[in-house]
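Asker: Sequences and hints are given; from them, build the entire structure.
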Amino acid sequence: MNYDLYEDNGYTINEQFIQVIVGSYSNCYDSSSWNFRCFDVTTDTPKNSWCRSPGNLEAIAMVEYVMEQIACELGLDPLDVRLANIAEEYADIKKMIKTIKKNSNYEKRRKAVDKFNRENRWLKRGLRFSIMRWTPIPVGIIAVNMSVYHGDGTIALTHSGIEMGQGLNTKAIQVCAFLLNIPIEKIQVKENNTIIGPNVYATAGSLGSQNVSLGVTECCEELLRRLEPIRQQLTNPTWEELISTAYQSNVNLQTQGFVGIPDIEKYVYNIFGVALAEVEVDVLTGEFQVLRVDLEEDVGLSTNPFIDVGQIEGAFIMGQGYWTCEDLIYDKNTGEMTNNPPVELLRPTRN
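1 is the number of the first residue of the sequence shown in full-length UniProt numbering; add one for each residue after it.
FYI, nobody ran anything at the bench for these hints, they're computed from the structure.
Do not rely on the hints blindly, as some may be mistaken.
Said to hold, decoys possible - Restraint ranges, calculated between C-beta atoms of paired labels, are given here: (1) I312 to T42: 45 to 51 Å; (2) A84 to A204: 30 to 36 Å; (3) S33 to D77: 18 to 24 Å; (4) A84 to R118: 23 to 29 Å; (5) D77 to N333: 44 to 50 Å; (6) R121 to N333: 39 to 45 Å; (7) N250 to V139: 36 to 42 Å.
As the list claims (entries may be wrong) - Result set (BS3-like, lysine-lysine): computed pairs, CA atoms no more than 25 Å apart in a straight line: (8) K102 to K124; (9) K102 to K115; (10) K47 to K332; (11) K108 to K94; (12) K111 to K98; (13) K108 to K98; (14) K115 to K95; (15) K94 to K111; (16) K111 to K101; (17) K115 to K101; (18) K98 to K115.
Only a predicted model underlies this, so the values are computations on that prediction, with no experimental measurement involved.
Cβ atoms here follow ideal geometry from the backbone N, Cα and C, with glycine treated the same way.
Answerer: What follows is the structure, given as structure tokens:
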């Protein structure tokens with residue numbers, strides 16, 4: 001297969017989206033026989049910035065469209081085409097597809113969709129799978145500082161990650177509480193700045209929570225090493241007694257964690273996701289309704305399932321809005337984008 005992908009950078013090339021595209025263009029499929037080329041191009045349009053999944057979103061969507069096109073041209077089931085092309089190294093996703101097929105009653109619903117389409121001329125339904133793989137790129141540095149207060153044993157964490165609603169601070173507190181075996185009420189995360197965390201990398205690429213948690217782990221392990229001699233002197237001490245005695249024994253109750261690229265490289269792994277959507281379209285008006293969506297993501301041993309489920313659902317809705325509600329309209333004479341005010345951004349809604 002000859003596969004050329006062009007990345008529109010606007011009038012100048014700044015961020016190198018190609019570096020993330022080359023790692024995700026094949027998605028979960030065997031690309032050994034593909035002739036793939038990716039081009040950075042400039043156009044007479046404003047420079048773009050990135051929001052979420054820059055480059056990867058379009059690259060994965062492109063190859064998923066290719067699989068749909070193959071199925072359409074050959075008259076095959078799109079799911080069978082996908083399964084036949086999955087690379088051996090990504091075979092784990094087949095188990096996820098099998099699970100979601102069973103849990104969603106896929107075979108029964110597929111027959112129902114076919115029956116509906118035969119009986120309705122102007123309303124049509126589709127039932128389609130989409131799969132994805134994301135392999136985080138090990139870049140950047142994360143710094144963490146942990147301070148324990150001798151009066152009541154409370155802990156203040158500061159780190160160079162950015163909490164933007166993804167639950168990073170919650171997971172940092174959970175990791176700290178688990179390792180030190182103390183209540184989460186004892187722990188707070190304080191505001192960060194470039195003095196606390198200088199020379200650090202952006203919170204991006206699905207690595208923020210993981211890397212901050214690694215830094216918190218370093219802090220906790222170092223503190224426990226310092227506290228162990230004090231613990232041996234006491235009989236079943238409470239956390240407050242242990243900290244108070246350590247303070248009186250001149251033990252340093254502040255620790256630092258530093259997570260660099262070599263540390264991150266140890267934890268590079270594939271993240272797999274599967275979606276099954278059933279959609280109804282009015283072919284006269286173009287109006288559509290999403291009737292049902294089944295989602296599955298391999299998150300490993302989740303630190304906080306509630307946060308992870310929320311992130312997965314939010315990512316789906318954001319992606320749905322990207323592909324169905326957003327459109328870039330430019331002035332033909334000046335190249336200016338004419339529909340970029342935030343108030344004009346339409347989001348998927350429930351009627």
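Asker: Each hint should be assessed against the structure and marked as holding or not.
Answerer: These are the hints, each one checked on the structure:
1. I312 to T42: 45 to 51 Å: violated, 35 Å
2. A84 to A204: 30 to 36 Å: Distance hint for A84, A204 holds at roughly 34 Å.
3. S33 to D77: 18 to 24 Å: holds, 22 Å
4. A84 to R118: 23 to 29 Å: holds, 27 Å
5. D77 to N333: 44 to 50 Å: holds, 47 Å
6. R121 to N333: 39 to 45 Å: holds, 43 Å
7. N250 to V139: 36 to 42 Å: Holds, at about 39 Å.
8. K102 to K124: This hinted pair holds, its Cα atoms lying about 24 Å apart.
9. K102 to K115: holds, 20 Å
10. K47 to K332: Answer holds: K47 to K332 is near 16 Å, not above 25 Å.
11. K108 to K94: holds, 20 Å
12. K111 to K98: holds, 18 Å
13. K108 to K98: Holds. K108 to K98 sits at ~14 Å (cutoff 25 Å).
14. K115 to K95: Violated - the C-alpha atoms of K95 and K115 are around 28 Å apart, more than 25 Å.
15. K94 to K111: holds, 22 Å
16. K111 to K101: Holds. K111 to K101 sits at ~13 Å (cutoff 25 Å).
17. K115 to K101: With a Cα-Cα distance of about 19 Å, the restraint between K115 and K101 holds, given a limit of 25 Å.
18. K98 to K115: Measuring from Cα to Cα gives roughly 24 Å; hence the hint holds.
When each numbered hint is compared with the structure, violations occur for hints 1, 14.
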